Structure formats: C-alpha cells, structure tokens
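S.K.: Protein chains in written order, with the numbering used here: chain A, 1 to 572; chain B, 573 to 935.
It should be emphasised that the hints constitute simulated quantities derived from the structure, not laboratory data. Everything numeric in this text was worked out from a predicted model, so none of it was measured. Some hints could be false.
[Unchecked claim] Listing some non-contacts, in silico: residues in chain B with all C-beta distances to chain A over 10 angstroms:
#, residue
1, P688
2, M712
3, T797
4, G805
5, V858
6, E922
[What the hints assert, rightly or not] Simulated restraints on C-beta separations:
#, chain 1, residue 1, chain 2, residue 2, range
7, B, V838, A, A360, 32 to 42 angstroms
8, A, L437, B, N750, 49 to 59 angstroms
9, A, A360, B, E630, 42 to 52 angstroms
10, B, V838, A, G358, 23 to 33 angstroms
[To be verified] Derived contacts from chain B toward chain A, CB cut-off under 8 angstroms, selection only:
#, residue
11, S793
12, Y929
13, V931
Note that CB positions come from ideal geometry on N, CA and C, so glycine has one too.
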Amino acid sequence: MSLDMGRSTPRFKQCFTSAFHRAVMGLLALCALTGCSPSDPEPTSSGTQLLTKLITAEQYSNSLAYIFGPSIDTQVQFTPIVRNEGLLANSLATAGVSVGQVQTIQGIAATVASQVMDIEQRQYLVACRPESIDGPDEACATQFVSKVGRLLFRRALIDDEIAVFVEQASAAAEELAGEELNGEELDGFYAGLEVVLEGLLIHPEVLFIIESAEPDPSNPEQLRLDGYSLASRLSFFLWNASPDDELLAAAESGELLTRDGIERAVDRMLESPRLVDGMRAFFDDMFVFNEIKTLVKDATIYPGFTTVTALDAQEQTLRTIIDHTLNKDKDYRDLFTSRSTFMSPALAIVYGVPAQPGWASYTFAEDSPRAGLLTQVSFLALTSHPGRSSVTLRGMALREQFLCQTVPQPPPGIDFSVLTNPDANYPTQRQRVAAHLETPSCAGCHRITDPIGLSLEQFDGAGGYRLTENEATIDATGALDGFEFDGAIGLGEALRQNPELPRCLVQRVYSYATGGPPEIEARPTLNYFNEEFAAQGYQLRNLLRTIVLSKAFSLIQNSPSEERLLAAASSD
Amino acid sequence: MPQVWNATKTPQVLSFAFFSTMLAFAGAATAQLPEPHQKDGRIGYVLTERHWAIHETEASTECPQGMNTRGSRDLFAQQFPEDSDVERTVVDTRLMIEAYQYHTNTATTDIYDSLPYYEAQGNVSYGLNLDGEVNADDFMNSAGEEGIDNQLYRALGCIAGYRKDGQYWFFENAFMINNGSNRWMIELSGVDDLVNDDDVTVTTYRGLDNLLTDATGVGFSAGGTQRVDARWGQSFVEEVKGKIVDGVLTTEPIAQAKIPWSQPGVSDGYHIFKDLQFQFKLTSQVAQGLMGGYVDIEQYNHRFRTSWSSHHQNYGQSSSGSEYTALKRLADAYPDPETGANTAISGAVEMTLTQVYIVHPDE
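Sequences are here, hints too, so could you generate the full structure?
M.R.: Now the structure itself:
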C-alpha cells in the first residue's frame, strides 16, 4: 500500500519536506559513500514498494515487552492471515483489521494499560510524579505521552499530537477522580493516563507499520525510506519488534541515513541477543510453524505424540537453526546434514533416545538414521496426515519451503481411494503411491514430489523411525533433481548440494525483510545477494548484513502515487 | 526359613510360550533399529501401575460371607448403640476408637472381637511361590501353579478398599503415578536377548522424574527418561541376579528391599519386603507381572496408619487395627527370635512397568 501526500498528516508533510532539504544538501557527500561508486558490486535497483503493514501479534507483544518490561502480561493473538509465496509476512501489507479484531485488541490494550498504571508498576513505568494523584498534571502527562508515544508510534510525536493526548488525559483525570472501580477509589491522574495509554495502544499508527519515503539524496528522482521507516523496517525484520530508543535516536538525528550510521546500527542489532527473536520469527514463518498449533495425530496410532510433542518439535527445530546459524555462524546448508540438535523429554519418546529434563543439546550418533532438519519431528509430522505419513506432502513441502518452487494443486475429480483404502497387496506407501504415476493427470507433479517423500518413508506420520510398514520392509530409495540416494541421510546430502537451497533462503529473507515477494526486476539484486552469501560461507548473519545494508532494502519504487510525493516535495 | 531359588519352569511360565514367540519377532525387529530401547545390554522400566494382588471373582465366591464391615462407623454403632441411654464423652468414644485405629499393639484387645472378621476363602490366588514349597495354606494360581504364597490376600481380600476400584486399590495407584517420591524403577543389565537370557542383573532404583502420559491421557509412553535418585534414593537400590526364559524375567530373592509407597502430602512411606522376587513378562515397551515377598508387618502397619485417615478407612469399611491383627494372625515368615511369632506375611503386588531410559548420575 502506498501513501498519498494529499492524505498525509501535517507531521508527515513536515518531516518529508525537511528530510528532502537535508537530503539534497548532503547529496554529494552521500553519493561518494553509497551507490555512485563504480566499484559498488550491488546492481542498480529500484527498491521495493512502500508498504503499510499490519503488525503481527508477536511483534506487538515484543514491542510492549520492550517498552514496559517483561512483567507486563501481553497475551496477544490476532486473526490468522493467508500465506503468500511461502511466507505469512508477505500478506501483512494486504491484511486489515475487522471490527471484531479491534474489540479484541482493545481488550488487550485495556489490560496492558491497567497493568502499567497499577500502583506498583507505575512507580517505575511512569518516570515522573504528578503534583497530585487526584487530578490532572499536564507536565507529567506530557512527559509520559512523549516518551511512550515515541516508542509506540516508532517516531517522535509532534507537539500537536502530544497536546491532544495530554488534553484527553487531563479530561479523563478530572472525570474519573474519586470514582470507584471494583470497590477501589481511582487515582484521577493515573486513571487519566490509563485511558490515554489504552487509546495509544490501539492507535492505527501502532497497529500498522506505515512506511514513508523521501527522495534519495544520491538520486533525487529515486525515493528511499525515511529514517523512522528505515528504523522500523530494520527492527521488525531483525528483532521482530519496534525500534528501541537508540535506533529511534539514530533515525531522529539522521545518522541512520548515513553509511556509517546505518552500519553502526546494523552491527549493533546483529550482535544483540534480540536478533534471536527476529530470526526465530522468520524461520517460524518459513517453516510453516503456524500449523503446529493445530497439528493433531491419531492418539490410537501415535500414542506417544501429544500437543507437547508438537510444540517441542517446533522448539527443537528453531533451537537447532538458531544455534547453527547464529551461535556458531555455520553454513546454512549444513542444517540439512547436521547431527547436532536439542532434545526434550517429550520429544525423546518419538526419537527413542534418553533425555535430560528441560532442553539439552543432543547429537545423533553417526549410525543414526537422523541427520538434518528433514529428519526432525517438526518437518516429518507437519508433512503427514493424522494417521499416516505422506510422501506427496513431504516432497511438496521440501520443494516449496526449501527450494522456493511451486507445486500445483491436484486437478479436480481425483479418486484418492487407491491411496487411502487398506489393501494387503499394497503394504507400503511406495506401492500405494505408484498409482500416482499410472495416472497421467497426476504423474506430472508426483514425479517431482514422491521420489523425495519416499526416501523419508522410514519415518512414520509422527516422525518415529521404522523399518517396516504392514510387516513389509520399507524401501527408502529416492531421488531429487537428478541425484539418487537411499534414505533420509542421502536426501539431506542431495538437498545440501542443491544450488537452489541457498537461493531460496536468500529469496525468503529478502521477501520477509521488505514485506512482499520479490518482483521479477529484483532478480539481479537476488543474484548479487546469492553471490555474497556464497562468498561469505553461507553464514546467515552475513546475509542479513548484506541485505539490510543494500540499497535495495531501503530504496522505494517510484509508483504513480510516490511520483506525486516527489512532485509535491519539489514544489514546496 | 529355607529360601529356594525356584528354577523350575512353572505352568504359568509355560503359558507365556505363545507370547514369547511374538516377542521373538518383535525383538528381532527392534534389534535392527539403530537406537533401540534396549541399549548396551541395558533396558529400564518405570513403575506405572501397582495394586496388591487380590484374587477376585465376579461372584465374590472368595468372600462367601460378604465384605468386612469394620469401618469406624460400624464400630461406633456396635460399641455405642443409640438406644443405650448412656451419657458418653468424646474421650470415651471417638478418641477411644481413634486410639484403637492408630495405636493398636499386640497387648491391645481387639475391640472388634464382637464383630466377625472375614478372611478370603479358597485356594486360588495370584502370587509367587516364595519358599519353593507346596504347603496346605498355599494357593494355586490361575495357570495351575501350586505353592503360591499370598497370606496377605487371605487377610485383606474381603475388605472392599483393597478390591478393584476400592479406595486403596485406586488411590494408592493414583498417588504412585502422581507423586515423585513413589517413582520406582528396575534396570536390567547384561541383557543379550530380551526373550531368553540365563544371566541378567536387575537393579532397583528410585527415580526423579514425572511419568509421561501418552496422547490418550490414560496410558504411558515408552521411551521416556528417568534420572536415578542418587541423593535420597540410595536405600531403594538393590541388585539381584535373574534370568529371562521365554520372555519372562524371574529373579533370585533380594534379602530385604524397600519399595516407595508414599502418600503425597501425608507421609513419605515405604514397604519392606523380605525375600523379594520378580516375575515379569518383558517386551521392549513394557514389563508386566508380579512382585512377591514377605511383607514386614510392623512397617506395613506404620505406613498404613500414617497414610490413611479414619474417614478413608471408613469409606472402605476398613480398620487398621483389625487389619493389623489379621496380618499378625496370618503371618507366615520371619519368626521373632524371642516370641516365636512371625513378623512378616507373604504377599504379592501386580505391577506394570513402562520402558524408560535410566540416566545415572555419571551419565
């Protein structure tokens, strides 16, 4: 969604104009530091679209936890959104908020505001002290609204905005002073602030990440994100939360728009423990873990698989990824062959191994049939039916999630009885799915999915290891894009060698970072990221750095509405 | 008392022949798995169900006179009839009965003497042949094996609380499941073959971890992990030799063993078994069968009285004083050197244990 200057707030116009002038003045200096250098290896890019995105429940919760501390209970759940080209994040720019959702969020906001203004919490969450708690105090309210509003809105509030909120706080303080709630007399000042805070928490500028643009000083015909928007894009991507005070200060001062400034900010963010939150959210999205919450197995067939197992399976994979890519800075591709992981007691039942209480690192033995993420319970169980494994779902998931390929949906009118009816003549999945290949309308797709899934058939629908199915020995030979192998270990190796594996990660990371699937014009940029990723040993942290410091990350496409922005700015 | 290691294959053991054939297939399959439950010749099991071995028939023919009615309410009605017109004190009535329930000793008169006490009748029961002999008061099990020693069943078999779904039957098992103090395990080591192995070692431990229920919510998942309670559980550690024949583990007697049997929030109790033996059908998932031995009566009485309050005993029409007297009367082993009175009674416990990985402190 793009912004129209004509509908923009006065604050937006003011910021836009001053930024434009600053940008022009610094043009020459910046030009030398950024894209004007002939040695810059990054191809020319028109950037991405200017977006207005719905904040996710986790981002909302993480942001409140940063602002008010972890003791504030922020149990938040938003309505699920639709996955688009592999990521839920790609749909946030087209998601809205229904009236029902607003009511839900208001309930959460009221709870949070009430906790913040609780007599104990407010001692340190409201930094100033009113002259009297029984009525309005404009100075203290101004201080609170300015500080909290800046963190919530991800920008400094302008004076007019602050004045409106303080006026509301004062009016509410006078109205509520002495009133009783649940048998207790309200303190007017804090009751007034609570009302205003509740309003701030459901403000559209809090619930939506509204990006804004300004001309790029190195190319005034080109738009780029303004400082605050760049801070938000960085922070929601890398930390899955709104910008912290330091990042906002860098945006405020203009430092973030300098090469040195953004490098300093990015390096700080990449070294922060909060990077784990950001990358967990990204991989959670990429690995389709939103489906874990509804993952159910037939208790009579897989009695050892409970809801705890499912949640632990998700946690195991995320811990494995974070440890591998961020703690150890290892090659991303090795995630699909590595025997190192983490184990919990509930998961250990499915894996058939001992476990210490809680979470502990675990390495599968060299002769174990398990190595890599494809042999983890999360992937195996999510890509199975409640009562049986699925070679097709597994093959399809591998291609779509890890190779960024699209496998078409089955044509209408398919007879699935061949697959689901028990038939003693077809004891194994290999024999049952052979029917796919005998049907011309099915064969085209199943040739690219089933040979993958068949190599994972030694893992049942819950992810448990097995050698037989219906007393018949399982043949786990399979193939992936010209590589033939026997079993899951071979599949992991083949996937690791597949050049599309790192390319797909690059594409997903870039999509996630910028809020939408990359357009065809972005191909040279993606190629550049791929080359850099390879040159840097396929280390995730380096990939993140390359992407967020790229011009493509912060430049904004000049769509017609943004063209009007440029024209309006030039005429001011 | 002579103790004989019963090496003879009993009819009961033979009846497992078919079962063991199935095990052979199962064992062959699991043996091929890279990380089987049976690892390095070791396999562990944790207790997941436990009841005193009480033989019950549908028609309760073992209790032809009915169940005992010796709850405190019954006793009160007997001792203090409402129409007696006698003015009574709390000390002389309620506290007197409480004192009897909780402080009976051999010198105390059984105030229930005027009420009948029904022992289980007949010669069929579950249990093990603890002494290797076939005596007149022994039982025969359902497989036809004679010489079964289970006088505890004779003493308690006609008390409702001990029978299926009675409060002791139910709650003592529920408290075992939910209370970590009762986590009890066996570990077999030196196992070459889970179906036939003439030399294995069985070690008992107390565990530290919760049991893992399966997705049905009522069963338990094999493959969990239990850490050995090496700090407070040393007194529960025993080691004994055993053998596996046709999938059934039997062991030599352990001279004396403590088995945790606590009541959460009430007591940290245990039972003492002398000449304790096991007989379990084994699979890679479950060990199921009997534990038998001579139960120390004083410890039984102490645990019972520190675990079950008057109202609980009353629900089961049970009386610790009467039970104590019955156990002493039917005691069949370990005579007191001075008085000659037996101090222990043969008994058996039905058990189901579920496979777990046992983690030792050094692992």
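S.K.: Now look at each hint and say whether the structure bears it out.
M.R.: So, going through the hints one by one against the coordinates:
Consistency note on P688 of chain B: stated as away from chain A, and its beta-carbon is indeed over 10 angstroms from all of that chain's, at 47 angstroms minimum. With a cut of 10 angstroms on Cβ distances, M712 of chain B stays outside the contact zone with chain A, its closest approach being about 36 angstroms. Consistency note on T797 of chain B: stated as away from chain A, yet its beta-carbon is not over 10 angstroms from all of that chain's, at 5 angstroms minimum. With a minimum CB-CB distance of about 16 angstroms to chain A, G805 of chain B clears the 10 angstroms threshold, and the non-interface call stands.
Against chain A, the non-interface label of V858 of chain B holds: every CB pair exceeds 10 angstroms, the least being about 13 angstroms. Every CB of chain A lies more than 10 angstroms from the CB of E922 of chain B, the least distance being 22 angstroms, so the non-interface label holds. The given range of 32 to 42 angstroms is respected by V838 of chain B and A360 of chain A, whose C-beta atoms sit roughly 34 angstroms from each other. In this structure the supplied range 49 to 59 angstroms holds for L437 of chain A paired with N750 of chain B, their Cβ-Cβ distance being about 53 angstroms.
One distance hint, 42 to 52 angstroms for the beta-carbon pair A360 of chain A and E630 of chain B, holds here, with the actual separation near 50 angstroms. For the hinted restraint 23 to 33 angstroms between V838 of chain B and G358 of chain A, the CB-CB distance of approximately 29 angstroms keeps it satisfied. The restraint placing S793 of chain B at the interface with chain A holds, with a minimum CB-CB distance near 4 angstroms, inside the 8 angstroms limit. Restraint check, Y929 of chain B versus chain A: the minimum CB separation of about 3 angstroms is within 8 angstroms; hint holds.
Nearest Cβ of chain A to the Cβ of V931 of chain B: about 6 angstroms, under the 8 angstroms cut. The hint holds.
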